[in-house]
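So the sequence lines, in the order shown, correspond to chains R and X.
When we follow the working numbering, the leftmost residue of the first sequence carries the number 5, and every step to the right adds one.
When we follow the working numbering, the leftmost residue of the second sequence carries the number 5, and every step to the right adds one.
No lab work stands behind these hints: they were computed from the structure.
Do not take every clue at face value.
The calculated DSBU-like cross-link candidates involving lysine-lysine, where the alpha carbons are at most 35 Å apart (straight line), are [stated by the list, open to error]:
| hint | chain 1 | residue 1 | chain 2 | residue 2 |
| --- | --- | --- | --- | --- |
| 1 | X | Lys340 | R | Lys33 |
| 2 | X | Lys170 | R | Lys36 |
| 3 | X | Lys504 | R | Lys62 |
| 4 | R | Lys62 | X | Lys126 |
| 5 | R | Lys76 | X | Lys227 |
| 6 | X | Lys170 | R | Lys63 |
| 7 | X | Lys177 | R | Lys33 |
| 8 | X | Lys501 | R | Lys76 |
| 9 | R | Lys63 | X | Lys126 |
| 10 | X | Lys340 | X | Lys373 |
| 11 | X | Lys179 | R | Lys95 |
| 12 | X | Lys340 | X | Lys227 |
| 13 | X | Lys377 | R | Lys62 |
| 14 | X | Lys227 | X | Lys275 |
Spelled out from the first residue to the last, the chains are:
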Amino acid sequence: MQEAEKIENQFTFQLFIVGATTINNIAIKNCKTILDAHLHKKYSLEIIDITQNPSLAKKEEIIVTPLLIMKKPTPEIRMAGDFSDSKKFLKQFAIL
Amino acid sequence: MENNLNTTMPQQSYQNSKGLIKSPTGIIGFDDITFGGLPKNRPTLLVGSIGTGKTFMAMEFIINGITKYDEPGVFMTFEEKTDELIENVASLGYELNNLIQADKIYLEHLSITHTEIQDSDKFNIDGLFIRLEHAISKVNAKRVVLDAMDTLFASLDTQILRAEYKRLFSWLKEKQVTAIVTAENGTTFLTRMGLEEHVADCVIELNNRITNQISTRRLRIVKYRGAQHANNEYPFVIDKNGMNVYPVISLDEGQEISNSFVSAGIKELDKMLDNKGFYVGSSILISGSAGTGKTSLLTSFAESICKNGETCLFCAFEEAPNQIVRNMLSIGINLKQHIDLKKLHFYYARPTLQNLELHFMAIKEIITKIKPKFITLDPVTNLMTEGPNSDIRSMLTRFIDYIKTQQITVIFTAAITIGSIELNPSDEGISSMVDTWIMVEDIELEGERNRSLYVMKSRGMNHSKEVREFVITNQGIDLIPISRNEKGIIIGSKRIKAEKEKAFTLSNNHTS
């Protein structure tokens, strides 16, 4: 059971956004699409709106948004944008 | 964020006739040249290359905001980590930790990893806004600094950069905070931003140039929308008392012009100066070639001031004070007693060792401490290295103007003669700066060197046009009218001979 869980959440992502804007929705959608296509179910994606959590913004050093942070596997990789370019996305996160 | 307008706050900013409110920086000289400070509740862009003092100026703006104007502040920087910042600022006398404890200042280090944005083209800086908002509300800030913003903007592509930059400035305006945004590499940054046209309401540039081996810091107001501002470049210094900008003091701004006089210390000289002497708060130049007795004249004056119970600051740029004291003793002037009585103070420095402004800063400090009524600079020509230098000359002008606004009478010596002015026309600039100009000249006649003195000019009085023989005896200085006979002028040993003959004749007449 634990083994399965491990494989299940091999990739852990956090997507930081500010508010509910068009670009944020696009980013979320694109992100999910790419991750679903290439990682299937083997990832977890947490969407965090830092409007209500400025201390977290400070802790994670968020300046630009939308910002996707890959927490696992380490090392941490960060990427800002709306993720409309899947090639760049995959390259950045070294997926494939 | 709620806009907390506390109406019982003391009036810290004042309006000019056009209704633009300004936020005082508390930086000496700066509020003068901007007629009040920075535009209140607007963002100002502060540019300049590395080491020009941007961070320091911005920090002083925040600290003064807290300590002088009861306005808490936020300082966010891309450049230094917060403990580095605290340390660097501490070395200049600011204890940030106390202010942090008291929730008056909020410091935060911002970092951006360039790899996170290098391949992107659709993002914004909303994250920064969230953090800024948070910071501002934490201390109820009215002043905000974003230091080294070009670190962020440098990595953005031009389109996003311009858009976000505009948004940042609008956002800051909305928050009703007076902000300073600093950036390096002014020209490139300004051009990239298209700043010449729109965004920043106020742009200030700092630079640090080296001319004739002297490094001078300068500040320039590039732009100040909607208000009057002075256009020039102003020299400034940063020392343990903070930043100090040298404005050009406008003498007609309600400054009291004194009508009282002070004795020149030599009876005959007072007579030549319309029986008055020098106007209090005026500037006097004693010029003449080397060895003509300028320093003796100067110290004679200083002695008379001290005898009258006033304080005098003697700035020696050539001879050491103990040398001057010893030399003056030989002409009957005892300076030691005045030094002991703390009436006469010396400031001694060789100008080649230090920056010119640092001298002026040091002298200014002494002025605030001992509050002298008179200052002497001997000689001032030593302060100008390698011939005419307009930067140094303008600094000297500002310094003298400053002294005058303090109602201090200033006398200086210079190795300038009519001949030297012909060779160096810019030397005349010094003489045009002063109210009284006394010339000491050598007269070589029949193998003998004597000296003459005359008043070249003295504003506001009917001074004598006479040329007198200038004699230094062991009883002090004498100014003897020059008489003539059919053979020419009677001066020096000839005069002494003539006096003896006259005395002899007189005594003969008595006896016979």
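Here's how the hints hold up against the structure:
1. X:Lys340 to R:Lys33: Judged against 35 Å, a Cα distance of about 88 Å means the pair is violated.
2. X:Lys170 to R:Lys36: At roughly 32 Å apart (the allowed maximum being 35 Å), R:Lys36 and X:Lys170 satisfy the hint.
3. X:Lys504 to R:Lys62: Outside the cut-off at roughly 95 Å; violated.
4. R:Lys62 to X:Lys126: holds, 22 Å
5. R:Lys76 to X:Lys227: violated, 49 Å
6. X:Lys170 to R:Lys63: holds, 26 Å
7. X:Lys177 to R:Lys33: Holds, because 34 Å separates the two Cα atoms, which is no more than 35 Å.
8. X:Lys501 to R:Lys76: Violated, at about 108 Å.
9. R:Lys63 to X:Lys126: Holds. R:Lys63 to X:Lys126 sits at ~23 Å (cutoff 35 Å).
10. X:Lys340 to X:Lys373: With a Cα-Cα distance of about 21 Å, the restraint between X:Lys340 and X:Lys373 holds, given a limit of 35 Å.
11. X:Lys179 to R:Lys95: violated, 39 Å
12. X:Lys340 to X:Lys227: The given pair, whose Cα atoms are some 53 Å apart, is violated under the 35 Å limit.
13. X:Lys377 to R:Lys62: Violated. X:Lys377 to R:Lys62 sits at ~56 Å, over the 35 Å cutoff.
14. X:Lys227 to X:Lys275: violated, 52 Å
Of the hints listed earlier, those the structure fails to meet are numbers 1, 3, 5, 8, 11, 12, 13, 14, in rising order.
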